[in-house]
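Trainee: Below are the chains, spelled out letter by letter.
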Amino acid sequence: MRKTLMATLLLAGGVAVALRAPAPVPRADFTYINRGSFNTLDPGQMNYHQDIMVAMALWEGLTSPVPGTLEAGPGTAAPPFEVDADRRRYVFSLRPDARWSNGDPVTAADFVRGWRRAIEPGTADVYSELIAAHIEGARAYVNWRGEAVSVLSLVRQLQKGSPLDRKSAATALRTAAGAALLARLGFEPVEGGPDAAGGALDRLRSAPVDWERLGDELLDEHAAEMDRRFAQVGVRVLDPRTLEVRLARPAAYFLDLTWFPIYYPVHESIELLRERYKGRLLADTGIVAYDPQWTKPDYRRRGYPGLITNGPYRLTDWVFKQRLRMERNPHYWNAAAVRSATIESIDVEYQNSAWMLFEQGYADMMSDLAMDYTPELVRAVRRGLRDDVHAIPAFGTYYYELNARPVLWDGRPNPVADARVRRALALAVDRQQLVDHIVRLDNPVSATLVPPGQIPGYRSPPGLRRDPDRARSLLAEAGYPGGAGLAPIEILYNTGFRHEDAAQAIKRMWETELGVRVELVGRETKAFAEDKARGRFIVARSGWFGDYLDPTTFLDMLYSTNGHNFPGLRDARYDGLLDAAAVEPDPTRRLALLSEAEGYLLEGPAVILPLYTYVSVYAWKPNVRGLTPNPRMTFPFQYIYVEKR
Amino acid sequence: MPEVVAERSVLPPASPWRRSLLRFRRNRTAMAGLAFLAVLSALMLATLPWTLAGYDAQVLSLGRTPPSWSHWCGCDTLGRDLLQRCLFGGLISFAVGLGAALLSVTVGVLYGAVAALAGGRVDNAMMRFVDILYGLPYILLVILMKVAFERPMTGLIGHKPAANVVILVAAIGSVSWLTMARVIRGQVLSLREMPFVEAARAAGAGPLGILGRHLLPNLVGPIVVYATLAVPQAILQESFLSFLGIGVARPVPTWGVLAAEGVAAINTVVSFWWMLLFPCLFLGTALLALNFVGDGLRDAFDPKSS
Amino acid sequence: MRHLAGRVFLMIPVLWAIYTVTFLMVVAVPGNPFQQADRQMPEAVQRALEARYDMDDNWAYYWQYLWGVLHLDFGPSFQYRDWTCTQIIADALPVSVLLGVSAVALAVAVGVPVGVVSAVRRNGLFDIAGLTLALIGVSLPTFVTGTALLLLFAVGLGWAPVAGWGTLAHLPLPAVTLALPFAAYIARLTRLGMLDVLAGDYIRTARAKGLSPARVIWRHALKNAFLPVLSFLGPALAQAMTGSFVVEKLFNVPGLGQHFVNSVLNLDRGLIMGTVLVYSTLLVVMNLAVDLLYTAVDPRVRVADA
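Residue numbers (our numbering), protein chains in the order written: chain A, 2 to 646; chain B, 8 to 313; chain C, 2 to 307.
With the rest of the complex left out, here is chain A (with noise of 0.2 Å):
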């Protein structure tokens, strides 16, 4: 028996030293940790904090950030930039020495395949729509283009046989598009409800139509005429070094978007690979696909030099879910002054875990501090205890979305239709109480959704402050005196945060203040994105960080058109007020229009309830240099560095 378990023993070792990594590579410059681990580093698809910030590392737009306020300064573009008159043309010249980290001139080519790499269907995701909703004729050419999509998705689908489903079938055959190809068939446009939609695909089905050949047909058709549509987008090139934009409307924050990552240029070398369906540059469903591994530094496939950039760093390893290296790009324009040689930043998903490695000299800065003792660290540096920690109120703001439809998704009557329900609700709600003693991060209290106080010459409104004999007023002049007769109300919230802890809190103010029935619904993080934005829910937390400084970062989500109107508000005034928000000149009364519209908001439709804003804890070492903290957290690597002692 003894036998077996050396036998055991020495197998362990064996394997143990057998799978024993490389030895690690000598520290880095400047190492850090990040809160979660690398979801992408494409710029047109990441929209994680952490891979944004690395995005800004390794690439740069038209501008780039200045530290500390983050206005545009100077970039891959040189100032002064050019602008028309009324403030909707730019024209940009690259610099004669940005290049990429291979050596090559940066073109202005590069940008308009970056760009349009954005906001292709294939490639684009969910900041697509800074640039959908800013450039001219982009929204169109996303929408022409999405559409066509859909209906090729459709032709392949009835060409391989596999089931449909009939709502996204009927959407498709509703959209230009999908008109086209029923009048080719010589089929009747759809009209009407599903049902009507469900008859057409019934027909189309069993038509006698070769899909294959009709869909390569159509693909070689909108193929054709691709580059012609996307002529009409506003974005140009004037010769190799002068980029030409064109705005949808004029946006006084432009500039600022331009070092935004879905706003950064690719290097040509990812046309090696592209995906290709039978020779076409797109897939047979009408998509643009590359191959996804295209961000990484030692990909070699079909002659692909592996991950070229054009910003203060190059990317040297990256190893999934460990580590991630950088090194100073020797090409860059300004690379006398990047600071650190080398930046790695180690991926660590347990935020105790992260702090512990923090403490202990593993790294020299952690981001996003999101334990559940974060509170006592930023105390401690309060009474002068420790100075590694730095708490930094946030452009971004924490909120309950309530459900403005009269009826709920599942055909019950909403138990908030009512706007003074909603007041009530907002009204009863102890700020203070919550900032105090669950977030405890001494969070400025506010009432509004745009961040009090950060953007220059915006006055934000009042809102609906604590008040809860009004609130119960409201709630009795709505036909629930004492909360009789209200169903109860439903919190929805993403589970395994710090999130349940003020759902409670909330619920038991509701309870107490209002006499309504509260109920918790708690979610895993996907479930409760699809549930949010189908509008499944009566209340719904929510957060959302300012991506530019600008109000309308925040107010344009409750526009009705706008995707990310949860609560379904479809409030006329208020879209009126946004419009004309939209086209005035003069900025002061620009700021007041949208002070009035966020005002009306939050105390006419009360669909909003803001709860605090956001505050961002970081941690680093008192000798790291550089690092200038503010509300965006936006900190351009180049500029930091380890001070030796």
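Hints are computed from structural coordinates only; laboratory data are not their basis. Some hints here could point you the wrong way.
Stated by the list, open to error - Result set (EDC-like, lysine to aspartate or glutamate): computed pairs, CA atoms no more than 16 Å apart in a straight line: (1) A/K279 - A/D221; (2) A/K168 - C/D58; (3) A/K161 - C/D58; (4) B/K167 - A/E520; (5) A/K168 - C/D128; (6) A/K161 - C/D55.
Please arrange chains B and C on chain A, whose structure you already have, making use of the hints.
Mentor: Okay, now just chains B and C, sitting in the frame of chain A:
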């Protein structure tokens, strides 16, 4: 009456039950465990009116206060008395443990016995089915069951948190019966070849008769033992799910929820030790006692160990 | 040999069934893998992504993925789009194998001696002390024991690095944490087996022949008492290699266990299917290997019976 003769050949005159109980009673650790569990359960039941009223009584200003004379175990993040939450949570944990154990024993015994008695292809197919269930992703199963049964179960019970606990019990039980089924099948396979079963079969007893009359009495030992051991395992399972954030829905506490909250609060800077210590003390001692009882029962029921 | 071939052949339908049922569960679970908690994706973008990742045609996906699996291609990850599931699994599997094998080896090295000594010195001080120690391993959640070990040995005493992977110094703490419940279970299994065997006739014979007690215990008795442990090792290894989610999280080990849980929470279809297939293959193969070992140790058992 061959049946009686056959039974006599395995069951000695002095009832084995009594002898097992006697052996169990002589086992000091097991008896200590049993006594502890009895006292704990009595305490939790006796304080139920108090804990039921107080387990979700938030006093936000008392958030995270250390143990004091008015709050012996301190308070949690929302200023709720931790002792009340531990006592009430213990009942929920026990309910989860007992429910899941009961479910797994019922399903496991029936399934295992039927497979063994049927034998041949049926047995083979039934065991491969168990293999398949073993391979399925457990977390996915739990999430799916929660989603699928949340509404109907709430409608049935009329109380959302209670429905949630029931679903969780079902989810945990639905996986833990697999081991039970395998164990029972093995036992029945070996018992099947015993002379007294052969005799019963020769006398014309049907499979169900054999199961009820001859096999089950002989299976009581292993069943009791595994049931006792399944309880702590189910409680641990629940704590794991709570750690993942898919356990019992707030604000209902269990020891697992409380321990998970305590672990999140533990750190090297400012210690909220009571938030981890007290739930773990309850959880650890109760599970230790349950395990002692289980081991004691196993020793007592094992005929060869006398 | 024919039985062996039969067993290997039977693995295929079992794995296929696991694949199919898992796939059905993945399709049934609500939520959208491309959706995030707060930032919403435009409808058209989402439809295009679904087309890109074959989410719009489940049936096609089912066959395509199966075809890919046969070529060891587990498809792209939805959550980590720059990586293929094959890369993710290939990176994580060796880590998990190392961690799992070390943990189980450790569990055997500790559990077996403790079990033997407990059985020999039954109800003595060592029995009770050893069992109590072993039972702590199954009486507290791993996230508690792991945190305790982490705070004590890595933070307090500084004997081991806090977290990470890559050198041998990183191995002990996670391996010990992972080994605890297995060690406890093995100790109990060994103890029971020993008690059974020590009461057997041939041990009495061996003793009567005048063999030294140590020789009797370690050579003759343990060989037979080890059989139940052996059959436990198969599932234990598979479990230790994939069920180490908590340990991986606490100690930041880049193993497979995290993907087992996170892929489900992310609804990362390819990764769910991939991890499940890897796990169930491990399970089936380990069980088969253990059965083979079993026949080697105990010639009375044929493979088909196990």
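Trainee: Between A/K168 and C/D128, does the CA-CA distance stay at or below 16 Å?
Mentor: With a Cα-Cα distance of about 67 Å, the restraint between A/K168 and C/D128 is violated, given a limit of 16 Å.
Trainee: With a cut-off of 16 Å on the C-alpha distance, tell me whether A/K161 and C/D58 pass.
Mentor: Holds - the C-alpha atoms of C/D58 and A/K161 are around 10 Å apart, at most 16 Å.
Trainee: Need the status of pair A/K279, A/D221: alpha-carbon distance at most 16 Å?
Mentor: Given that 16 Å is the threshold and the Cα spacing comes to 11 Å, the pair holds.
Trainee: Would you mind confirming whether the straight-line C-alpha gap from A/K161 to C/D55 stays at or under 16 Å?
Mentor: 13 Å, holds
Trainee: Verify the proposed pairing of B/K167 with A/E520, using a straight-line Cα cut of 16 Å.
Mentor: Holds, at roughly 8 Å.
Trainee: Is it true that the CA of A/K168 sits at most 16 Å from the CA of C/D58?
Mentor: Holds, at roughly 14 Å.
In this structure, only the earlier hint numbered 5 is contradicted, and the remaining ones agree with it.
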